[in-house]
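Undergrad: Chains as they are written, first to last, in the numbering used here: chain A, 416 to 780; chain B, 416 to 780.
Do not rely on the hints blindly, as some may be mistaken.
DSS-like, lysine-lysine: derived pairs with alpha carbons at most 27 angstroms apart [what the hints assert, rightly or not]: (1) A:639 with B:639; (2) A:645 with A:676; (3) B:706 with B:744; (4) A:622 with B:578; (5) A:766 with A:733; (6) A:700 with B:645; (7) A:608 with A:427; (8) B:622 with A:622; (9) A:645 with B:622; (10) A:700 with B:639; (11) B:578 with B:778; (12) B:707 with B:578; (13) B:676 with B:649; (14) B:542 with B:676; (15) B:645 with A:707; (16) A:676 with B:744; (17) B:649 with A:649; (18) B:490 with B:427; (19) B:649 with A:700; (20) A:778 with A:551; (21) B:427 with B:608; (22) A:509 with A:490; (23) B:551 with A:639; (24) B:649 with A:645; (25) A:608 with B:645; (26) B:578 with A:733; (27) B:490 with A:639; (28) B:778 with B:490.
Residues from chain B that keep clear of chain A, each with C-beta distances beyond 10 angstroms, as calculated [stated by the list, open to error]: (29) 449; (30) 464; (31) 575; (32) 590; (33) 617; (34) 642; (35) 643; (36) 647; (37) 654; (38) 676; (39) 706; (40) 764.
In short, the hints are calculated from the structure, not lab data. Given the structure is predicted, the values throughout are model-derived calculations rather than measurements. For glycine and all other residues, C-beta sits at the position ideal for the given N, C-alpha and C.
Number of protein chains: 2
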Amino acid sequence: MNSTYHKFKINKDIALECGSSLDEIIVAYETYGTLNADNSNAILICHALTGSSHVAQNDSNNNDGWWEAMVGPGKAIDTSQFFVICSNVLGSCKGTTGPSQINPKTNEPYALTFPIITIGDMVNVQKVLIDSLEIKQLHAIVGPSMGGMQVLQWAIRYPAMAKKCVVLASSSSLSAQALAFGTIGRNAIVSDKLFQDGQYTATRFPKNGLGIARMIGHVTYLSKESITQKFGRKLQADTGYGYNLDQEFQVESYLMHQGDKFVEQFDANSYLYLSKALGYFDLEKEYGSLKKAFEPIQAQLLFISISSDWLYSTEQSKAMVRVCMNLNKDVSFCDVQSDYGHDAFLIEHEKFGELIKPFLESKYD
Amino acid sequence: MNSTYHKFKINKDIALECGSSLDEIIVAYETYGTLNADNSNAILICHALTGSSHVAQNDSNNNDGWWEAMVGPGKAIDTSQFFVICSNVLGSCKGTTGPSQINPKTNEPYALTFPIITIGDMVNVQKVLIDSLEIKQLHAIVGPSMGGMQVLQWAIRYPAMAKKCVVLASSSSLSAQALAFGTIGRNAIVSDKLFQDGQYTATRFPKNGLGIARMIGHVTYLSKESITQKFGRKLQADTGYGYNLDQEFQVESYLMHQGDKFVEQFDANSYLYLSKALGYFDLEKEYGSLKKAFEPIQAQLLFISISSDWLYSTEQSKAMVRVCMNLNKDVSFCDVQSDYGHDAFLIEHEKFGELIKPFLESKYD
Chain A
416 MNSTYHKFKI NKDIALECGS SLDEIIVAYE TYGTLNADNS NAILICHALT
466 GSSHVAQNDS NNNDGWWEAM VGPGKAIDTS QFFVICSNVL GSCKGTTGPS
516 QINPKTNEPY ALTFPIITIG DMVNVQKVLI DSLEIKQLHA IVGPSMGGMQ
566 VLQWAIRYPA MAKKCVVLAS SSSLSAQALA FGTIGRNAIV SDKLFQDGQY
616 TATRFPKNGL GIARMIGHVT YLSKESITQK FGRKLQADTG YGYNLDQEFQ
666 VESYLMHQGD KFVEQFDANS YLYLSKALGY FDLEKEYGSL KKAFEPIQAQ
716 LLFISISSDW LYSTEQSKAM VRVCMNLNKD VSFCDVQSDY GHDAFLIEHE
766 KFGELIKPFL ESKYD
Chain B
416 MNSTYHKFKI NKDIALECGS SLDEIIVAYE TYGTLNADNS NAILICHALT
466 GSSHVAQNDS NNNDGWWEAM VGPGKAIDTS QFFVICSNVL GSCKGTTGPS
516 QINPKTNEPY ALTFPIITIG DMVNVQKVLI DSLEIKQLHA IVGPSMGGMQ
566 VLQWAIRYPA MAKKCVVLAS SSSLSAQALA FGTIGRNAIV SDKLFQDGQY
616 TATRFPKNGL GIARMIGHVT YLSKESITQK FGRKLQADTG YGYNLDQEFQ
666 VESYLMHQGD KFVEQFDANS YLYLSKALGY FDLEKEYGSL KKAFEPIQAQ
716 LLFISISSDW LYSTEQSKAM VRVCMNLNKD VSFCDVQSDY GHDAFLIEHE
766 KFGELIKPFL ESKYD
């Protein structure tokens, strides 16, 4: 098994959609399985907002990956058949160049001097990586949430580069409500006294603001049903109300814990940049209409939505599927019934697996 | 017209549900219309989280009240027929005793020495006020949102005190999701560096934290439909994306504006206490079951929910209505079709008026 963690350095200037550019981009990526003789069995997995290249266990890292149940030998994304690649996105903080990395020109962290990046920029960087691996065409590109936006951008921008595309719990743009929650989270970060225009240190950083952003995000990832089933109004102590200003409900301490855990793992500036990239993504705006956006697509498409996902709704997936059908694209769609909300993409492995595995392995085309 | 702003001082100790007590409570209230000879035409209106006694224009204050379209001569709550009373709740910051008021024992603001208060405590204070006005029975008690919780508490605790009760866009307890958003807002306030354990000043106070709490609240007051219809993904400038970390979407600047406006009008400590009171309210927990809670009710009841309200859902109103029906209470219910979400209670005056006006004016009983 060729399963390792890699760092790939791009030694050329990459033009960004904001008009700026970046050189010396480092891309952290991990691979799983073996690339076949004609380099035709590669699958690129694109991660969500706070994900990383570590999609599953491998020789470099035997911790569970973020999609452990989906990726591995015999699993839905079968690494005994396919060569799986997952790279950390541009702007993140899990090994790929982002605002927390040192700017080689100044020897200081980029912080807010980092240029604004977009989903399209992330994809362009991935394209350089895939080219460097001498892969002429990916067997598939698969991504949930923000990863699904990358998949869409790939399919539109590089139509010949993927035979199959899986867009899971994603959309062609954030809804106004999702924009609203995003901006409140970013506001919490930048208004934290320790943010200091992004010039914080590893020990004094905007923990509270980032924690609040994460907690807001977390609530939007859960459905009303799942948060009720999981916690309801259960108290932490069975001694009744404490009549103080502390967190007393289990759902409250759970959220605090999620926030506390997250701030130790993620960079506040990266959160700002990636949240902004999510907000900017808008295929209708970029191409004039979804129809124009989707016209160039050649890949066989699978859209999957989650019935209780209110952040990336079923309706948003259906809107994309309708356009694909009108364009006579090879498109399949399933709205997976689940109470878990957006988070289901990390939970309902069996339901997604039974859709994704045959889609990836079918050879009728 | 006897329409004025009053301050009523309670010169006795009021026991609170937390086990503590308060003396020298000041209650700010406003009245509209004229109390009839047998004191039988009074309607008490209970306000929501951030409301005040100023429900409509009156001689003391000709600014529009928070329910201006609903309250006045000839309106749904007709002040030419009824004597309307609206008092600011205990713990608030609009004239009634709360954490921002001076503790007469110390001559300092209460701040966090203010005892934890509940919806029941608010109602007990209102009861003293109503008794002082020599009103033996209210014609009706009407309240939206947190006001509806007060109405329920009144109907259960003082069954003979109201002939009619209107519970609008409310519930018998907050959902787990609503608890979650509440706790994130409170966390934003207390983690603001300027909070200083509640000992902030009028010029240096936790503006950012309170603003974030308000913005979170505001998004939960809007439905996904209304926020999309109102803003969608419209940009503030028609020059396209700025590619910076600023707020660029209209929905973002709108929320910031809502936050900024709110922090000038509301006290952060009051927000904490009232948000806590909302969280504590739980009739199932208090009485063992909704059935036991509702058994003593004598009033004629009207429940109104809003079809797109995801904070106080139609399902939560229906659950209360079902119990009332099983108990053979005199109960009416309407789920008002509206896209405005929870905020509809401040917008859909005609729809509510045509339900509330005949309910208040019917004399069949």
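Undergrad: The structure should be examined with respect to each hint, and the outcome stated for every one.
TA: We went through each hint and held it up to the structure:
1. At most 27 angstroms may separate the alpha-carbon atoms for a hinted pair to count; residue 639 of chain A and residue 639 of chain B meet this at roughly 14 angstroms.
2. Distance hint between residue 645 of chain A and residue 676 of chain A is fulfilled; the C-alpha atoms sit about 19 angstroms from each other, no more than 27 angstroms.
3. Taking the CA atoms of residue 706 of chain B and residue 744 of chain B, the gap is near 11 angstroms; set against the 27 angstroms cutoff, the hint holds.
4. The suggested pairing of residue 622 of chain A with residue 578 of chain B is violated, with an alpha-carbon distance near 52 angstroms, which exceeds 27 angstroms.
5. Only pairs whose Cα atoms come within 27 angstroms are accepted, and residue 766 of chain A paired with residue 733 of chain A is accepted, the gap being roughly 18 angstroms.
6. Of the supplied pair hints, the one linking residue 700 of chain A and residue 645 of chain B holds, its CA atoms being roughly 18 angstroms apart against a limit of 27 angstroms.
7. About 37 angstroms separates the Cα atoms of residue 608 of chain A and residue 427 of chain A, which puts this hinted pair outside 27 angstroms; it is violated.
8. Restraint check: the Cα-Cα separation between residue 622 of chain B and residue 622 of chain A comes to about 18 angstroms, which is no more than 27 angstroms; the hinted pair holds.
9. A hinted pair counts as satisfied when its Cα atoms are at most 27 angstroms apart, and residue 645 of chain A with residue 622 of chain B does not qualify at roughly 33 angstroms.
10. Of the supplied pair hints, the one linking residue 700 of chain A and residue 639 of chain B holds, its CA atoms being roughly 20 angstroms apart against a limit of 27 angstroms.
11. With a C-alpha separation of about 11 angstroms, the suggested pairing of residue 578 of chain B with residue 778 of chain B holds against the 27 angstroms cut-off.
12. Taking the CA atoms of residue 707 of chain B and residue 578 of chain B, the gap is about 20 angstroms. The hint holds against a cut of 27 angstroms.
13. For the hint pairing residue 676 of chain B with residue 649 of chain B, the CA-to-CA distance comes to about 22 angstroms; that is within 27 angstroms, so the pair holds.
14. Between residue 542 of chain B and residue 676 of chain B the alpha-carbon distance is near 33 angstroms, which puts this suggested pair outside the 27 angstroms criterion.
15. Between residue 645 of chain B and residue 707 of chain A the CA atoms are separated by roughly 26 angstroms; this keeps the pair inside 27 angstroms, and the hint holds.
16. Pair hint residue 676 of chain A plus residue 744 of chain B does not hold up; C-alpha atoms about 49 angstroms apart against a cutoff of 27 angstroms.
17. This hinted pair does not check out: residue 649 of chain B and residue 649 of chain A have alpha carbons roughly 40 angstroms apart, beyond 27 angstroms.
18. Note on residue 490 of chain B and residue 427 of chain B: the hinted pairing is violated, with a Cα-Cα distance of about 37 angstroms set against a maximum of 27 angstroms.
19. Proposed proximity of residue 649 of chain B and residue 700 of chain A is supported: the alpha carbons are some 11 angstroms apart, at most 27 angstroms.
20. Taking the CA atoms of residue 778 of chain A and residue 551 of chain A, the gap is about 19 angstroms. The hint holds against a cut of 27 angstroms.
21. Proximity of residue 427 of chain B to residue 608 of chain B is assessed by CA-CA distance (about 37 angstroms); at most 27 angstroms being required, the pair is judged violated.
22. Simply put, residue 509 of chain A and residue 490 of chain A have alpha-carbon atoms about 25 angstroms apart, close enough for the 27 angstroms limit, and the pair holds.
23. Distance hint between residue 551 of chain B and residue 639 of chain A is unfulfilled; the C-alpha atoms sit about 42 angstroms from each other, more than 27 angstroms.
24. Using a Cα cut-off of 27 angstroms, the hinted pair residue 649 of chain B and residue 645 of chain A is violated, with the two alpha carbons roughly 36 angstroms apart.
25. At most 27 angstroms may separate the alpha-carbon atoms for a hinted pair to count; residue 608 of chain A and residue 645 of chain B exceed this at roughly 33 angstroms.
26. For the given pair, residue 578 of chain B sits about 50 angstroms from residue 733 of chain A by alpha-carbon distance, which is inconsistent with the 27 angstroms threshold.
27. A hinted pair counts as satisfied when its Cα atoms are at most 27 angstroms apart, and residue 490 of chain B with residue 639 of chain A does not qualify at roughly 37 angstroms.
28. For a cut-off of 27 angstroms, the pair hint linking residue 778 of chain B to residue 490 of chain B stands: about 18 angstroms separates their Cα positions.
29. Here residue 449 of chain B stays apart from chain A, with its beta-carbon at least about 41 angstroms from theirs, past the 10 angstroms limit.
30. With a cut of 10 angstroms on Cβ distances, residue 464 of chain B stays outside the contact zone with chain A, its closest approach being about 16 angstroms.
31. For residue 575 of chain B, the condition that its CB be more than 10 angstroms from all CB atoms of chain A holds, with the nearest at approximately 28 angstroms.
32. A beta-carbon of chain A comes within 10 angstroms of the beta-carbon of residue 590 of chain B; the shortest separation is about 6 angstroms.
33. The claim that residue 617 of chain B lies off the interface holds: its Cβ sits roughly 20 angstroms from the closest Cβ of chain A, which is beyond the 10 angstroms cut-off.
34. A Cβ of chain A approaches the Cβ of residue 642 of chain B within 10 angstroms, the least distance being about 5 angstroms, so the stated non-interface status is violated.
35. Interface exclusion of residue 643 of chain B from chain A breaks down, the closest Cβ pair being 5 angstroms apart, not more than 10 angstroms.
36. For residue 647 of chain B, the condition that its CB be more than 10 angstroms from all CB atoms of chain A is violated, with the nearest at approximately 5 angstroms.
37. In this structure residue 654 of chain B is separated from chain A by more than 10 angstroms, as the shortest Cβ-Cβ distance comes to about 13 angstroms.
38. Once the 10 angstroms rule is applied to beta carbons, residue 676 of chain B is consistent with being away from chain A; the minimum gap is 15 angstroms.
39. Distance check for residue 706 of chain B against chain A: the nearest CB is about 18 angstroms away, which clears 10 angstroms, and the non-interface claim stands.
40. Under the 10 angstroms C-beta cut-off, the non-interface status given to residue 764 of chain B relative to chain A holds; the minimum distance is some 25 angstroms.
Of the numbered hints stated above, those contradicted by the structure are hints 4, 7, 9, 14, 16, 17, 18, 21, 23, 24, 25, 26, 27, 32, 34, 35 and 36, listed in ascending order.
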